[in-house]
Every structure is written in C-alpha cells, then in structure tokens.
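Engineer: What follows is the residue order along each chain.
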Amino acid sequence: MAMKKRVPMREQAPEERIKNFDSVPLGYSKEEAIEEAARCIQCKNPTCESGCPVRMKIKEIIDKIAHEDFKGAFLLSKQDNAVPAMTGRVCPQEEQCEGVCVLGKKGDPINIGKLFAFVADWARESNIVDQPEIKENGKKVAIVGAGPAGITCAVDLRKMGYQVTMFEALHLAGGVLQYGIPAFRLPRDVVDYELAFLEEIGVDIQVNRIVGQNVGFDELREEYDAVYLATGAGAPKFMKIPGEKLKGVYSANEFLIRVNLMKAYQFPDWDTPIICGDKVGVIGCGNVALDAARAAKRLGSKEVYILYRRTKATAPARNEEIHHAVEEGIIFQEMTCPSKMVGDKDGWLTHINLIKTRFQGLDRSGRPKPVNIDDSEFEMELDTLIVALGTTPNRLFLNNAPELDTFDWGGIKTGDNFETNLPGVFAGGDALNGGSTVIAAMGNGRDAAVAIDEYIK
Amino acid sequence: MKHVITRKEDLNAADYLIDVVAPEVAKRFVPGNFCVLITVPNGERIPMSIQKVEDDKITLYIKRLGKTSRELDNWNVGDALHAVIGPLGTPPPIKKYGNVVFLSDLVCGHAENYAMCKELGKYEMNHITSVQSFPTAADVYPDGELCDTVCDKFILATEDGSRGVKGHYLDVMKEMLEAGEVDQVFAGGGIPPLETLSILTAKYNVPVYTTVRQIMVDATGMCGSCRVFIDGEQKLACIDGPMFDGHKVDWPSAISRLGMFKAKEAEALGCFNHKLNGGK
Ligand SMILES: Cc1cc2nc3c(=O)[nH]c(=O)nc-3n(C[C@H](O)[C@H](O)[C@H](O)COP(=O)(O)OP(=O)(O)OC[C@H]3O[C@@H](n4cnc5c(N)ncnc54)[C@H](O)[C@@H]3O)c2cc1C
Ligand SMILES: Cc1cc2nc3c(=O)[nH]c(=O)nc-3n(C[C@H](O)[C@H](O)[C@H](O)COP(=O)(O)OP(=O)(O)OC[C@H]3O[C@@H](n4cnc5c(N)ncnc54)[C@H](O)[C@@H]3O)c2cc1C
Ligand code: SF4
Ligand code: SF4
Ligand code: FES
Chain A
1 MAMKKRVPMR
11 EQAPEERIKN
21 FDSVPLGYSK
31 EEAIEEAARC
41 IQCKNPTCES
51 GCPVRMKIKE
61 IIDKIAHEDF
71 KGAFLLSKQD
81 NAVPAMTGRV
91 CPQEEQCEGV
101 CVLGKKGDPI
111 NIGKLFAFVA
121 DWARESNIVD
131 QPEIKENGKK
141 VAIVGAGPAG
151 ITCAVDLRKM
161 GYQVTMFEAL
171 HLAGGVLQYG
181 IPAFRLPRDV
191 VDYELAFLEE
201 IGVDIQVNRI
211 VGQNVGFDEL
221 REEYDAVYLA
231 TGAGAPKFMK
241 IPGEKLKGVY
251 SANEFLIRVN
261 LMKAYQFPDW
271 DTPIICGDKV
281 GVIGCGNVAL
291 DAARAAKRLG
301 SKEVYILYRR
311 TKATAPARNE
321 EIHHAVEEGI
331 IFQEMTCPSK
341 MVGDKDGWLT
351 HINLIKTRFQ
361 GLDRSGRPKP
371 VNIDDSEFEM
381 ELDTLIVALG
391 TTPNRLFLNN
401 APELDTFDWG
411 GIKTGDNFET
421 NLPGVFAGGD
431 ALNGGSTVIA
441 AMGNGRDAAV
451 AIDEYIK
Chain B
458 MKHVITRKED
468 LNAADYLIDV
478 VAPEVAKRFV
488 PGNFCVLITV
498 PNGERIPMSI
508 QKVEDDKITL
518 YIKRLGKTSR
528 ELDNWNVGDA
538 LHAVIGPLGT
548 PPPIKKYGNV
558 VFLSDLVCGH
568 AENYAMCKEL
578 GKYEMNHITS
588 VQSFPTAADV
598 YPDGELCDTV
608 CDKFILATED
618 GSRGVKGHYL
628 DVMKEMLEAG
638 EVDQVFAGGG
648 IPPLETLSIL
658 TAKYNVPVYT
668 TVRQIMVDAT
678 GMCGSCRVFI
688 DGEQKLACID
698 GPMFDGHKVD
708 WPSAISRLGM
718 FKAKEAEALG
728 CFNHKLNGGK
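If you're matching them up, the sequences are chains A and B in order. So in our numbering the end of the first sequence lands on 457, straight run, no missing numbers. So in our numbering the end of the second sequence lands on 737, straight run, no missing numbers.
In short, the hints are calculated from the structure, not lab data. Hints may contain errors.
[Said to hold, decoys possible] With a straight-line Cα cutoff of 25 Å, these simulated DSS-like cross-link-like pairs (lysine-lysine) come out:
| hint | chain 1 | residue 1 | chain 2 | residue 2 |
| --- | --- | --- | --- | --- |
| 1 | A | 140 | B | 484 |
| 2 | A | 245 | B | 705 |
| 3 | B | 721 | A | 345 |
| 4 | B | 484 | A | 345 |
| 5 | A | 245 | B | 692 |
| 6 | A | 279 | B | 719 |
| 7 | A | 237 | B | 484 |
| 8 | A | 240 | B | 705 |
[Unchecked claim] Here are some chain A residues the structure puts well away from chain B; computed CB gaps all over 12 Å:
| hint | residue |
| --- | --- |
| 9 | 14 |
| 10 | 15 |
| 11 | 29 |
| 12 | 57 |
| 13 | 63 |
| 14 | 67 |
| 15 | 278 |
| 16 | 312 |
| 17 | 338 |
| 18 | 359 |
| 19 | 369 |
| 20 | 379 |
| 21 | 380 |
| 22 | 405 |
| 23 | 417 |
[As the list claims (entries may be wrong)] Quick partial rundown of chain B residues pointing at chain A, CB under 10 Å, derived from the structure:
| hint | residue |
| --- | --- |
| 24 | 525 |
| 25 | 539 |
| 26 | 544 |
| 27 | 677 |
| 28 | 679 |
| 29 | 685 |
| 30 | 718 |
| 31 | 722 |
A virtual CB, placed ideally from N, CA and C, is assigned to each residue, including glycine.
Bound conformation, chain A alone (with noise of 0.2 Å):
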C-alpha cells in the first residue's frame, strides 16, 4: 500500500500575506485534523515521543484526534505542556518530534504540531478548559521572567500546589513569545488565551515588576520558599562593524519589539513608530532573521534581502520559515559577510559593504566555515539594516545579583538540579543556555519544577 501523503496545511496566499500579520497557515478543520491524524501508525514503540523535551503523550493524543475526541486530546496535552497551541506553531518539530516519526524516514512524518495547535484552537472555540485540581500545600516560589520557561514552572509548581508569584519586567507577560516572535508565527489571541489559563489556576503575574529594579532579589530570597531565574537571553548582539551609529541600522530585537510588544504595524493608532524603508537587509539567517525580514516586508519593503555568510540550507531557521520566507520574495544573498556600514552626512544608513565567502574546513561545530574571499567586496545600497546576530543573556538583572555565579558570557552557572550557586535559586532556558527553543526552555521550567519541588519538600 503507498503511503498516504501529509494532509497539506491550508495557508493565505504569498500575495495576500505580505499584506497583513494575520496567521500565514490557515489551520486544519475537524475533517482534515481527523484524516492526518489517521495516518498515524501507532508505533509500539513511539519514537516521536523521544523527540519532544517535554515528552509529550504524542501517540495517545494522535489516537485520540483520529477518533474526534479532541477534548481528551486537549485535557492529555495539556498535562505536559501549559501552551500547546504556541508550541505547535513555533517548535522547530523537524529536529524534534517530527523528526523521529517513523512515517518520516520513507514519506511524510505526522504534522504533529499542526495537529497540536488544531486541538487547542478547538477547545478554545468550544470553551473546554482544563481546570486540574490544585491542592494547596502552602508554601510561595517566586519566578522571574514571564518566557516559556517561567510560564511552564509557574504552571507545573502551581499542579503541585505552590503559591506561585511570577515577576514580568515588561508591560506584557510571555518573553519571546509576546515581543519576538510576529503574529503572522503565533497569532496574539493564542498568545493571551494561552496566558489567561495561568491567571485561572491561580499563578499571580506581575507585569513591570523588574526584579533587582523595583523588586529586590534579596527581598524575594527572604520573602519565597525558593526563587526560580528565567530572565531569558534578551540582550541584543552586534557585529562591532563600522556604521552600527548610523540611523537606520536596528538590532532584530529593536524592530521585532516595535513590530510585536509595540504594534507599530499599527502606528499611528498604536504610538511607537518604526522606519522601515523600501531596501532593506538582515544580517544572519536565524529564525530572528527570517522573522524580521518577513516584518519588513509586511511593513511595506519593496526589497528585502537576507545577507548570510553561509547558505539557506545550512542555515540554523526553520525550515518552515525558509520556505515561507522564499514564497514571501526575500532575497537570500548567501555566502555574503557585511564589512562595513556607510552613511550619508545626516547619519542615515545608505548601502553597505558586503565581501564575498566561500567554505573552507569545519569550524568548531563542525559545519562548513565560510572565509572571506580576498579583493571580492561590494556594495549594497540599503535604507534600513537589521542586525540578528542572536542575543547574550539579559544584562539588567545580572547587574543587580553580582553574588551569582555565572559564565564570562553572561549565562547563569547552575549543578545539574538547575539550583545556582545560592540555596534555593534555581535557573533556566535561555538565561542558562544562551538562545535555545520555546520547547527547550519549557523542558528545563519543568526540570526545573520538579527540582524545586525536592528543595522545598
């Protein structure tokens, strides 16, 4: 028998899309959820399983789908991931569970994200919640930083009956999830209907409560059983290349905080405001990268052209995004490295000097590492440049905590129960790790959880 083929996902059309930031796939209906989910094999041994960091009940949700009990696939999903509907979009599921779907290794794997996210959608149209029994045990952890890693501790610790205080430094509780990653990736009303279950089971969110700013990690220490740190890495990276004065010139995290935290696709209705010219260039293929670009090209960019030093295909986005990003008119530029950025006399960006690569050996990671090609510079005429070069840890709070132990590079030093050098604080996700994944940091809060439960017990 030939193996069905994936049930293919629905999405606005390249054209349309880069007009607005609505949700670029569409979504399956029952009927399309029902007849992909069927495909499903059941392995004995379900491998898929293996590749989620929280270890999702992948083949008993699947089943459950195929036989339209999307409420029991709902209520299971949600027993080990708080935000099912946002993983599904964003989790790079190629490398994770998708990737090990037997189904995978001769046709299609089971588009087990997709199916995740229809789930959640449809207990939300329909009102389902999950309302798990909370046993009071009396004791407070306080959480710092409202990113994946801290909503999934908040969560896991509130089950357990803790008393759980999550601490937001910004206006709006989610970390990357709520200022990095653009609507038309992960829809606003999943974001807050996501969040809102955490306020429901009882987890207090304060937003604009900077810890070791206008809330004392000190006071916190005394205050709570135990602390958990998941201040995410935020921190904006430059190439330290002539030209990052100029006006013009963004870090992604700049343009992409305008764009989501701020609406300025909204502006003027929305007050912060963004320039975004009709040429513009990305340093760096990275999901940032590719998330950024495609906002340019939503706000209205003629031209948008991502400038890499090594090709698409070894590039470290999703391959979702690449094929999207293609669809959408970016310009990939490969095997380019930026040298220099050059303005006018008013400090506008004007082009920017690009030299040419080629690969030679391995680095350290062991891909292909590109070099310079001598006397090959060129030039690029640009209005506006975004820098993703990835991010370091966020600075505000390490400033404010020099008793913590942490590395040269600003990640949080942790033993292998997550607790740092100080009794009773506990680390994790990007904070510890540098930039990782949703999935990952929402496996280490739930290490993490558990770890902290051991503490305090």
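Keeping the supplied structure of chain A fixed, place chain B with the ligands upon it in accordance with the hints.
Structural biologist: Positioned in the frame of chain A, the structure of chain B with the ligands alone reads:
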C-alpha cells in the same frame, strides 16, 4: 495599581508638572534613576526623569512636545496612567566630591538638577552650586519649583538677560572654570550643549557626568535602541546610564540618533491634533 495624578500645574508655557502615584518607583528611587510611562494601553513607553519623591508619589516635569506629552497634558487630577515603571538606570556615584556644580537648561535636566543637588547635599563636605538656564524671564519656573532650596549657591541664567545672569549655563560654567575650584560637574537637558560642555570641561581637566538622552523602547536593555558609544565601546543608556562621563561620549552619533524618528513623531502629532479637532 492605579497610577493616579494627584497634582498638575504649569511650569511655564511649554512645561508642566504632575505628581503621580507610583509606590514602587518612589520606594527605590535614587537620583540618577528615571522611570517609564505608558499613558494608555496602546501608548508608547516614554522615559521621564524624576524631580522628587514624596511618600508614594513622584513628581515629573514634562515638556509639551509630541503626541504623548500633549495627550497627557489634557488629563487632570484624578485621571490614572496605564503604567509607571521604574526606577530604571544606573546612577553615577553619589558621594563626596567637594565643589559640585549641576547645570540644566531643559525640563528633564531641571528635574535631575533638583534631585541630584538634594542628594549630593547630604554629604557635608560637598559644596553645591546649581545653575538653571532658561531662554527668557517668562520661561523661568515658579518659586518652589527651582533648585534654590536644595543647593548652597543658586545661579539663575536667562539667555536674553531678562532675569538673573545673562547667558546660557555654558557661559556661567566658563566663568566658574576660569575661577578654578570646581571639582565635579553634572549636567542634564538639551544634548548639543552637553557636547560643548564636555569639550569645555575637558580643557580644564574637570570631570563631568552628563545625561545622554536617547530614544528608548523597552528601557530594560533588550533592544539596543538607546545605544551610546563611550570611549568607542557600546553601552546602553537605559541600563548603564543615562549619565555617562561626558568626556568619553561619542556626541555626534548621540545627537544624530536622537532625531531618527522625527518624521514619524510629526505624523503622530498630526493625527492626534486631527482627532482633537474632531477629525476636521
Ligand atoms: C524573534 C525570535 C524568534 C524565535 N523563534 C523561535 C521559534 O520559532 N521556535 C522556537 O522554538 N524558538 C524560537 N525562538 C527562541 C525562543 O523564543 C527562546 O529560546 C525562548 O523564548 C526562551 O525562553 P525563556 O523563558 O528562557 O526566555 P524569554 O522568552 O526571553 O523570557 C524571559 C523574560 O524574562 C523577563 N525578564 C528579564 N529580566 C527580568 C527581570 N530582572 N525581572 C523580571 N523579568 C525579567 C523578560 O522581559 C522576558 O519576558 C525565537 C527567539 C526570538 C528572539
Ligand atoms: C532618560 C530620559 C529622561 C527624560 N526625561 C524627561 C523629562 O523629565 N521630561 C520630559 O519632558 N522629557 C524627558 N525625556 C524625553 C521624553 O521621553 C520625550 O520628550 C517623550 O518621549 C516625548 O514623547 P512625545 O510623544 O510627546 O513626543 P514625540 O513626538 O514622540 O518625540 C519628541 C522628541 O522626544 C524624544 N523622544 C521621543 N520618543 C522617545 C523615546 N521613546 N525615548 C526617548 N526620547 C524620545 C525625541 O527627541 C523626539 O524627537 C527623557 C528622555 C530620556 C531618555
Ligand atoms: S511540544 Fe513541540 S516538540 Fe513536543 S510534541 Fe509539541 S510540537 Fe512536538
Ligand atoms: S512515530 Fe509517528 S507514526 Fe509513530 S506514533 Fe509517533 S507520530 Fe505516530
Ligand atoms: S531602550 Fe532598549 S536597550 Fe535601552
């Protein structure tokens, strides 16, 4: 948290003050810190200096400039802001300096002038001179809102000489530097004069801390919009500053970058005025 306005008064034709309830900011404020306001949920995050703290209230001096500052100007006592966040920033060392001078020529600088002089005055060994300059006598703040009560020596200057000493604070400073006996200068306010001041004090080998105002978005060190270059090294005004050693600041880029959104700001103000006029 209700950030209610409890007092609102004009300082001059362009500037006004508000007292607003902000217990967290009030509790931890140290001069050299600033705060961020969000007036309405779809508003911008606007950085503001803090003039003083009283119980759970802070006093802000605000210039009617663009959309947000004008929108807030239409509000009254009893109205509440969406958020007041802070304190933010890293203050310069507050300690014994000897003869200290604080100079200011704009709202934000005047607020810092007051706060900083008051704090530095707590060290008995400090002799504090506060210089406030305004364009004309008509712009001078009312009694009770000047820094004369928080310093040992107060110099009021107007550029046209219509009240106090004639000239900008730069003129006053030049004379004081000539006369010697200045150990440490602080200054806030307009950015271009701060560059001139930095060059001037360097000539006399007198250290200076200046407030390098830059466009901020998050003000928590995550966007890099407020980057300034100190001795060639990139720093963030929101978490490392906003006060920096004036001799080390790359002033041309700071001045240039502050104007990045001018066209958009004009557009926002245009839309706001349009709405105010009933869309006519
Ligand atoms: C643009 C972008 C796109 C991405 N796309 C993907 C993707 O498609 N798939 C994927 O899996 N991963 C993606 N990632 C990576 C992923 O988002 C991160 O690895 C993940 O969010 C890390 O979670 P976290 O909880 O550790 O930190 P964060 O999400 O960074 O959250 C940290 C939170 O802590 C807050 N905070 C910091 N300091 C303080 C303090 N002192 N007091 C209080 N609060 C504080 C911050 O404001 C922030 O809200 C992307 C990242 C970015 C930037
Ligand atoms: C550390 C710091 C302290 C400040 N203290 C004061 C103060 O005490 N009183 C006061 O009136 N103003 C102060 N400002 C400036 C204040 O933030 C701006 O006046 C305000 O953002 C103007 O908003 P608007 O919508 O009314 O005007 P807009 O039309 O948006 O802007 C007018 C001008 O304000 C500046 N500006 C605009 N947006 C920002 C922003 N997000 N961050 C910084 N500057 C911006 C720019 O120079 C701009 O050209 C301070 C700024 C900083 C960085
Ligand atoms: S959480 Fe992510 S990795 Fe795990 S099953 Fe869902 S989509 Fe796959
Ligand atoms: S590995 Fe693939 S086919 Fe097997 S149970 Fe998991 S999803 Fe189904
Ligand atoms: S305002 Fe974003 S880093 Fe300073």
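Engineer: Now, for every hint given, state plainly whether the structure supports it.
Structural biologist: We went through each hint and held it up to the structure:
1. A:140 / B:484: holds (24 Å)
2. A:245 / B:705: holds (15 Å)
3. B:721 / A:345: holds (20 Å)
4. B:484 / A:345: Between residue 484 (chain B) and residue 345 (chain A) the Cα gap is close to 45 Å, so the pair fails against 25 Å, i.e. violated.
5. A:245 / B:692: holds (12 Å)
6. A:279 / B:719: Within the cut-off at roughly 20 Å; holds.
7. A:237 / B:484: Violated: residue 237 (chain A) and residue 484 (chain B) sit about 33 Å apart, past 25 Å.
8. A:240 / B:705: holds (18 Å)
9. 14: Per Cβ check, residue 14 (chain A) is outside 12 Å of chain B; nearest 28 Å; holds.
10. 15: holds (27 Å)
11. 29: Residue 29 (chain A) clear of chain B: closest Cβ-Cβ about 34 Å, beyond 12 Å.
12. 57: holds (36 Å)
13. 63: holds (42 Å)
14. 67: holds (43 Å)
15. 278: For residue 278 (chain A), whose nearest Cβ neighbour in chain B is about 15 Å away, the distance exceeds 12 Å, so it holds.
16. 312: holds (26 Å)
17. 338: holds (17 Å)
18. 359: Fine: 31 Å to the nearest Cβ keeps residue 359 (chain A) off the interface.
19. 369: Holds, since 27 Å exceeds 12 Å.
20. 379: holds (22 Å)
21. 380: holds (21 Å)
22. 405: Residue 405 (chain A) clear of chain B: closest Cβ-Cβ about 20 Å, beyond 12 Å.
23. 417: The claim stands: residue 417 (chain A) keeps its Cβ more than 12 Å from every Cβ of chain B (closest is about 29 Å).
24. 525: holds (6 Å)
25. 539: Cβ of residue 539 (chain B) sits 8 Å from chain A, so the hint holds.
26. 544: Holds, because the Cβ-Cβ distance from residue 544 (chain B) to chain A comes to roughly 7 Å (cut-off 10 Å).
27. 677: holds (5 Å)
28. 679: Check passed: Cβ of residue 679 (chain B) comes within 4 Å of chain A, closer than 10 Å.
29. 685: holds (9 Å)
30. 718: Constraint on residue 718 (chain B) satisfied, holds at 5 Å.
31. 722: Holds, because the Cβ-Cβ distance from residue 722 (chain B) to chain A comes to roughly 7 Å (cut-off 10 Å).
Hint compliance for this structure: hints 4 and 7 are broken, all remaining hints hold.
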